[in-house]
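These protein sequence lines map, in sequence, to chains L and Z. Here full-length UniProt numbering is used: the first residue of the first sequence is 1, the next is one more, and so on. Here full-length UniProt numbering is used: the first residue of the second sequence is 1, the next is one more, and so on.
Source of the hints: derived by calculation from the structure; they are not laboratory data. All values reported here derive from a predicted model rather than from experimental measurement. Each statement offered as a hint is correct.
Lysine-lysine pairs mimicking DSS-like chemistry, simulated, CA-CA at most 27 Å apart:
(1) Z:K204 - Z:K323
(2) Z:K351 - L:K561
(3) L:K330 - Z:K34
(4) L:K58 - L:K119
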Amino acid sequence: MEILNRDGDIERFELLEVLSFDSVRRRMSVIVRSTTGEIYLFCKGADSSIFPRVIEGKVDQIRSRVERNAVEGLRTLCVAYKRLVPEEYEGVCGLLQAAKVALQDREKKLAEAYEQIEKDLILLGATAVEDRLQEKAADTIEALQKAGIKVWVLTGDKMETAAATCYACRLFRRGTQLLELTTKRIEEQSLHDVLFELSKTVLRCSGSLTRDHFSGLSTDMHDYGLIIDGAALSLIMKPREDGSSANYRELFLDICRNCSAVLCCRMAPLQKAQIVKLIKFSKEHPITLAIGDGANDVSMILEAHVGIGVIGKEGRQAARNSDYAIPKFKHLKKMLLVHGHFYYIRISELVQYFFYKNVCFIFPQFLYQFFCGFSQQTLYDTAYLTLYNISFTSLPILLYSLMEQHVGVDMLKRDPSLYRDIAKNALLRWRVFIYWTFLGLFDALVFFFGAYFMFENTTVTSNGQMFGNWTFGTLVFTVMVFTVTLKLALDTHYWTWINHFVIWGSLLFYVIFSLLWGGIIWPFLSYQRMYYVFLHMLSCGPAWLGIILLITVSLLPDVLKKVLCRQLWPTATERTQARNQCLSVEQPTVFMLSQTSSGLSF
Amino acid sequence: MAMNCNAKDEVDGGPPCAPGGAAKTRRPDNTAFKQQRLPAWQPILTAGTVLPTFFIVGLIFIPIGIGIFVTSNNIREIEIDYTGTEPSSPCNKCLSPNVTSCFCTINFTLEKAFEGNVFMYYGLSNFYQNHRRYVKSRDDSQLNGDSSALLNPSKECEPYRRNEDLPIAPCGAIANSMFNDTLELFLVSNESDPTPTPIPLKRKGIAWWTDKHVKFRNPSGGGTLEERFKGTTKPVNWLKPVYMLDSDEENNGFINEDFIVWMRTAALPTFRKLYRLIERSNDLHPTLPAGQYYLNITYNYPVHSFDGRKRMILSTISWMGGKNPFLGIAYITVGSISFLLGVVLLVINHKYRNSRNTADT
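The following block holds chain L by itself, in its conformation from the complex:
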């Protein structure tokens, strides 16, 4: 390889060996031969792993420089070298060769070999790299915190660097009181004492407040931030004979719950995964999301519930192992607050609506058994039974769950606190599910008994002729299809032309299908029981009146509940919807342009 040196000359070196980087020893080396035939070993790495192996050089000066750089938020590396005489080089080669071809414990033998080779170095100096924050990182983190999401930073950097970065990205604010659970403090007091002291500090202030783990931060409340480093974490996680490690973990989690932000520095990759696991299995079982861009983030991405890789300059290792890959950190904001929110609303409505419409479908059949001698006679014709879930009621909910936007995109981006309305799986809890089920049961009772009392022992035609059981079933079925479709229409907040098409189209398709099915004597059918039933039912006035009445009665409670809840106990989302209505309908284009500089959205 060729290097341009200070004087503008090109120096040539031959690369002999590479002692590759690993995150445990935090350094790497190369062995090169210069044009003059001398063999050098150059080593670079974290200051904590280089300084112990240095025997010469301006150690103190460089050390203070490194500290200063770290406080300014620069990422520091130290570089050292040593000269190898040919015999030493032979020895080194032999060691490396033996380790590389070892059949067992190759990693351990390699680590030992590296350990032996990289010692007695001469310190050259230190480098500092300004790892600039990605654009809008601070904005994103602030938005996530407003949305009620707890943000933790897990990094392999030194404490000073990481703290400076956290201040830069506004994870720690000016008023944030920093609590340290670092090795330095643990050396002074025991781990037990430190933990107790910290928990007392934190709990003292927040004892009076509600223990809502996603609580927002008012400006006058004490804002705590916790800093912990990798060594302290391993002390906490270490299993002990007296069983007190569980207590330490609990204490640690308690402290973390009351802090607005947590910074874990000097984390090895496996420790990052360890922390994620600790949180995942803590008392409330929160949903965890890990986002990273380097190979050292892979284990944490794999461990978390949702792993996101940022396709960055450090390669695509993280993106390859992730559930979702995004090009920049700032895209996380729209991904969670807009797309995540939309998908949750859509999915929860899909699930609840499916159960609801099938309860409406099956319960009248169940009720009919009480009146047909429990002989399993179906209320509806087999064609209706087959096509209900496939043709009559599937497209509206499908398009709803693809297109629904209960609040506009820019509203969601502007106001991250709307995300709290769906926190902790709010729309798929037992309470909501039971409400939908009871609504379905109520509707089914209305359909069945409405038709029952209409048909009971009397005729509804104007020429005195009687209807049979298939007409009875068809009436119930017609009311049901219209009710469940109109229920979805009432729930839809974003009516595109596609929604209109599928909703009214499904109803039209039902009517046309029924007319055709009962329109002629189909030769391939072995039974002709539906012949003319639908048309005959529609030709009598009371059937129409009955249909309108039953649909109205079925939809009335839900409409009433929606209006009352919106009026008396409006959620933040509903207030935003109302405010949006008051303003003009046109989306202000200035917001669109400032958020997405490219036309790319996804």
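Put chain Z on the given structure of chain L with help from the hints.
Just chain Z, lined up with the frame of chain L:
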């Protein structure tokens, strides 16, 4: 965000890119549909939009309900139960099984006259025409006049498919259990002539027009109906074969209207079926004047064994059918509830708006 060929490969391991490095971008199209920017109407169910609806529903439903209720109240109906289980009933003697054909007569009085067309029904109770095995026990192709099905009825009709090695026409349990009581109505005139006048009962026009003319057909072929039904036998519980149901050829065989009415299985265990029509007289007299009537019954149909009941119903009909207060009452109830809810919502809305106005300072 520049994505060159190699980068794309690494990210998704997808198909190899075109030679020459022409970057096929995987950027999604910037159309309104794919970027979820379709123009949309965004309604919200606020109190402001819903309140007028509640009031309108109330205002529309209540008059409709009152109209229906008044119409229903004006319908005249009378039910005469003639099962004969009570010892005092004239038809009690018909309950014993050894009497094959029994005649009994029931007296009844009409307080008010029946105007317009009067419809005569027979009603059965505790008779499960909607039992699953009963409902499927029929052969619609045989009833449609299909000659192959006539001689080879469908398996659904079992065990009423063949009898004495001959196919049954019409097959099935529904046909087998056809109602075969005969009811006749006589008016006792108050005038000097004590003999009761028979009321003319019309037996055509009781079945659905499409049933009689499309769905049910006699088997085709030349000759009399009896010849066309050659090779079949009557159902087990019938007294006469199907081609002797009526002397009128247009009401005989499968297209006999009583038969068609019976074959349309009822929805509930207590039902009524149209039996005869009493057409209004052309002069000014009411169709059924108030007074004493005799109901002559040829008691053939046994219902006593399963605790069933039989009755005869006379009813007038309006545009909304027979006497049924349910629809009227339901409309009135729903209309008034809706109106009441509208008022309640108005009050809440008013209070809320006032409190919000005082709160926002």
